[in-house]
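Chains Y and W are the protein sequences, given in the same order. Terminal number for the first sequence in our numbering: 383, no gaps in between. Terminal number for the second sequence in our numbering: 417, no gaps in between.
What the hints contain is simulated information worked out from the structure, not anything from laboratory work. Careful: at least some of the hints might be erroneous.
[Claimed, not checked] Just some of the chain Y residues that point at chain W, by a computed CB distance under 8 Å: (1) Thr251; (2) Val351; (3) Gly363; (4) Val364; (5) Ala366; (6) Leu380.
Cβ coordinates follow ideal geometry from the N, Cα and C atoms, glycine included.
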Amino acid sequence: MKFGAQIALLLPLLATLPFVSAQHTSNWAVLVSTSRFWFNYRHLANVLSMYRTVKRLGIPDSQIILMLADDVACNPRNVFPASVFNNADRGLDLYGNNIEVDYRGYEVTVENFIRLLTDRVEPDTPRSKRLLTDDRSNVFVYMTGHGGNEFLKFQDAEEISAFDIADAFEQMWEKKRYHQMLFMIDTCQANTMYSKFYSPNILATGSSKLDESSLSHHGDNDVGVAVIDRYTYYNLEFLENNVKNASSKHTMKDLFDSYDIGKIHSTPGVRTDLFNRKLDEVLIMDFFGNVQNVEVDAEGDVEKWKVDAEELSRLAAKITMPGAGCAKNATKSGATVPSPPDAQKILAMKVEEKTSPIRNAIGVCALGACAAAWFAATLLGKS
Amino acid sequence: MDRRSIIVILTAVLLRLFLFTIFPALPDLLTSRVEISTPVTSYKRLKEGLYLYEHGLSPYNGGVFHQAPLLLAFFTALPSSSIITNLVYILADVQSALSLIQIANTGVSASTPLHTSSRKDNSLPAWAVGAAFLLNPFTVATCLSRSTLVFTNTAILTAIARAVNGELLPGILALAMSAYLSLYPALCLPALILLSYDMHKRPALRVSLGVFATTSTMLFIGAIIGLLGLSYSITGGSWEFLYSTYGVHLMLPDLTPNVGLWWYFFIEMFDSFRDFFLCVFQLHLLIYVGGLCIRFRKQPLFVITSILGLCAMFKSYPSIGDTALYISLLSLYHHVFPLMRYTFFATSTLLYASLLGPAFYHLWIYAGSGNANFFYAITLVWCLALTVIVADALYAVLRDEWETERPEMRGKDVMQI
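Chain W with its partners taken away, still in its complex shape (with noise of 0.2 Å):
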């Protein structure tokens, strides 16, 4: 690990330190932001959830809380002084940093073994993604919020590194402990055996893909139902959890708003149409696993950003920790930036849904005179943003891999046919 990464982590972790310190009320008041805390990810259902489960209580049954067990029994091992949590959430957003600046090293997002882009010179260097991830404001605010979804972006990441690496049961197990805390990274799961199965250390001692890709599956499944069994004693005996937990990420019973798509469709809602609509929307987000895992199957590392990025419009709670991800993500693809072709589209509609969203949240909630269309027309504009921003991404990738067949075609305009 170079210097300049070394210090563009530490300046993170000093600028976090100085806003916990210097703003104590500040963390606080981003919890209570409905754009970055959801009801799966808020520190306050948190603490509200330790309180009942320090009492003897069941946690899950004020319906408040929704978050994994194991987070119940990490903080109550933690002892409780605020900066010791602080400190717990700024190590975390470091390995996140650390993670993505293994991934940088390794180059992969440029070339792996089946696929080299052709502008592979100008990827960014690694200290320039760390950089990328800690210094975004939204990773900046998601940190500050205490939210949960820093564990599960840590964990996501981490299993991305592992992968990379080759280490197929690490990376599998940090992916199994990021969708047991919040469900959807599961959809990266095909998408990290393949770049596993790329990135074996002995491409000699290789089994073929059916083979490994079924180990791998089972060895997920393995330990996620060692993870609902650690869960399962630590709510002393009980499987309500599950439902707490995941059911509520399918089902959806609480419609706080969010920079999501689902809440206002499902608060106006007839009952008899719920269920119905339920299954469409998370069949939305099954259906792109398949297609993009066929088409990049020489780039797996760009099925996992995308379907994060995917994932981060649509998925039931999501918030901009999510679009912090992936734009991290999305920076290690910087040598295909010059493809894009609406990145200052896509930019300033971001930056006009993230100083607009909160305005017109204060004039429906507090002020009164806006009502919830205000808050949700935003939202679809913050979701059109990341979703030119997604499929523009898809095409300069495409474009990309179409260019090392022709390279003739490098600078020149196309029309699809």
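Okay, chain Y solo, but in the shape it has when bound (with noise of 0.2 Å):
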């Protein structure tokens, strides 16, 4: 039935677009924690607010990675465990029980993050935590911590520098690794980050400018700690009000235009020189989203295309009603095919409520007839 819908919804959408070769084919989204600890409970917040968001309008698990310390949700000081909220009314739940983190703990280093974006890593490493994207991918960067003049920490030991990120970018850049790119970044003197991208293509935002720091938006009194930044808050703001769903319409111009420093309390920036769109014409979902265009290899092969399309829904009708195809199949070849056997229902065991009486009547007459042969035998002993 799946495979039929999907067709059903290809047929339209090739029928009515022509050669889509210009447009993404994928979504990904690397969303980075770099804080530890309980007092950067925000840094987890902000993280995991955009990791609902990216789910929510269509980027699955297997398309985002999620590097987070993850340390705050099972906490010993976390009053309401497994729990991680971004708002004090808690009227979410971020954590969840529907979560796939996939560098956790100290797995989160400026070395795996430097080798997920390049893919460089070891031959062992498992799907879920290799970047796999190719020449038509879009990828969301989010990153948030604690940040500087051109530098981010990484779990309070160790930092990344804006030129290794730059570095790296170009490496996916030479390694045809994406089509676009967001980088969004949420930490003190986060536009200093962006400012040594030299590679194309890459659309970068940041919270705050050089001497800036960006500040938490409010804290919740029963969780003890602030719970979310104000830069991501009025983001997550903008994306829950206008970005409904997976049809929105909404342009990276009006995200950028939704910026109030007066709200933020800090400068917000955008770097739109590498970036070759007009930002009023790059929808939103085309880096939150997970809108996938078909690419067509063949040109001006539209006929062959809706042959092909017909053999494939007459394959899915087959496949999902068996007796139909099967018929057919006899009709057509003329051959006797067997049908599938009958489906043995398997029902529950019939239990009674009490013993049947005939039950009963058998038992009884069993003892009985112990009881009997045993005088039997003593009156036959004793004389």
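Join the two chains into one complex using the hints; note that each chain is given alone, in its own frame.
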């Protein structure tokens, strides 16, 4: 049925859209929280909010790389165990029970991050820990944590510099590992992190400029710490209020125009010089959602496509309805095809409410027979 | 039956009633103890089988219930109140005691037609034998836990009492019932045949031993077939109960710990050796029958006693109820106790094992600080104590027999050369 439904969806698309080679065909997200410890709760909440956003807009877990220290949900200081909230009203549990963290704890290191981006991984790295993008993948990279002038702290132990990320992105471009990239960063002096990029097709945005700190939005009195940062909070506000489903037509320009310095309390920046498209033509769904376009290899062969699609739909019908398919087969080929055996329905065992009187009678008769045999033997023995 | 025996029986009944009523949680506690309840005698499993039977399902389906179908019919026919059930078990114990008192009254342990012990005046009076059975803490515990071994013991003792009285057919029937309930009492058949042959009331009408034995065996097999046929009809016309009851005794699919020696062996055994060792262990019990019957031809009651003692150690699912039966039958041979050499050692070892067994089981299962080896070591000590008792009793009876031919050796030390 799925097969048939997909074919049904694609057919009208094929009929209307001509050759679609210039758009992206997959969406990936790399969401990194570089902080650990309880008091950096809000960084985890930032990343998890982004995680939930891209998930609800369609990107599957297999195309999201989530890198967290993941020491908050089950932290002994967490009054709400296994829950992470990004708002004091605790309306949404970000952690929930449907979360897939790919790099957790001490695996979130600079080396692992760069290896992930450039795909220079160990041969035995599982697929869930690899960024399996190609030249038609749009990648959304979101980073949060503690940063400074052209550096970002990783797990309070090491740093990554803006040059490192820029080089990593250039490697990705050389290896044709992205089509377009959105780089979003929410740290102190965030805009300095994207100042060193030099690869094409990167759209970058940050929360604060040089010598400016990014501030947290509010805290929860029961959790005890700040639960969300301002920049991410207002991004989420825009996305939750405006981008509600996959058919949203809001553009990145709308998003960037919604940034209000008075609310964010720092100067968010946008870098568009490496990005060759106009921002009012770039949909938010291009980066945050999972809209897949189909690439047609053969040019001008729409008729062949229609024939192929019809054959496929027939195949789908045959798979989903074996009886009909078999009948068609029989009439077509003329040979008899054995019908599939009737599926034996296994019903629940019949349990009676109380013993049937027949059973009782048999039991009593058996006992009576034993007793009778015993008394007969005793009498015989005595005589 | 004299007054003292009646007092003993009444005391025992009152004791059991008292324990059943004042400690209502005690039966369930004892049912869950592995030393008292085994997978083939447990009351809990009986209830499970009853439930399935009453609801029209096969009671042997779950792999939990391994007891004879006649018990299902019996308990279904009984009104289901706990008082009635308790009374049934108490009555079974009373019947066992009555049989024992009957056996003691005939004095056959000390003087059979073929042999008279020189110490027969030292035998215990009948009421003391009854007390040794009824007031034995192992028996009380088995009765309280409502283990179905009580019925097997009743059947065995009734069979012996009837045979001692010279009534062949009731004896054979009762032994068939006990073998039907739990497989191993069938080993007592040759000795029971010898006993009834010896105690036959009219020696003049006696046929030869061979004919007698053949007839008795035929009767036994006929009785077993009759019981199996009744079971076939009780379980709704299927033979599947055979594997679930006798197959469990023979093939040991359930490895719940008990006071026996088998479970530990078979837990750690590789599958390719399983059948071989099952044969070895079963044969081990079988080999004693022939030798004992031949050597103690003059005292078949002692053969039965010893076989029951060996069963208590070496059968697949023993419990302390088997030991209780053996010790009560052994009390019939009180007159040879002075000839036993290791009474103190054996008694203290038995006491030691009965006290440490539950402690080590608790350490293993509940506290988690011990492991199975602790408990198995105690069962080994338990079997050691029983072995010493069985071997010592054999020695004592042998020596007593020998002394009837050599009265001058009484009181003197003997040495095997």
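Subject >> Non-conforming hints, listed in increasing numerical order >> reply: Violated hint (a single one): 1; every other hint is consistent with the structure.
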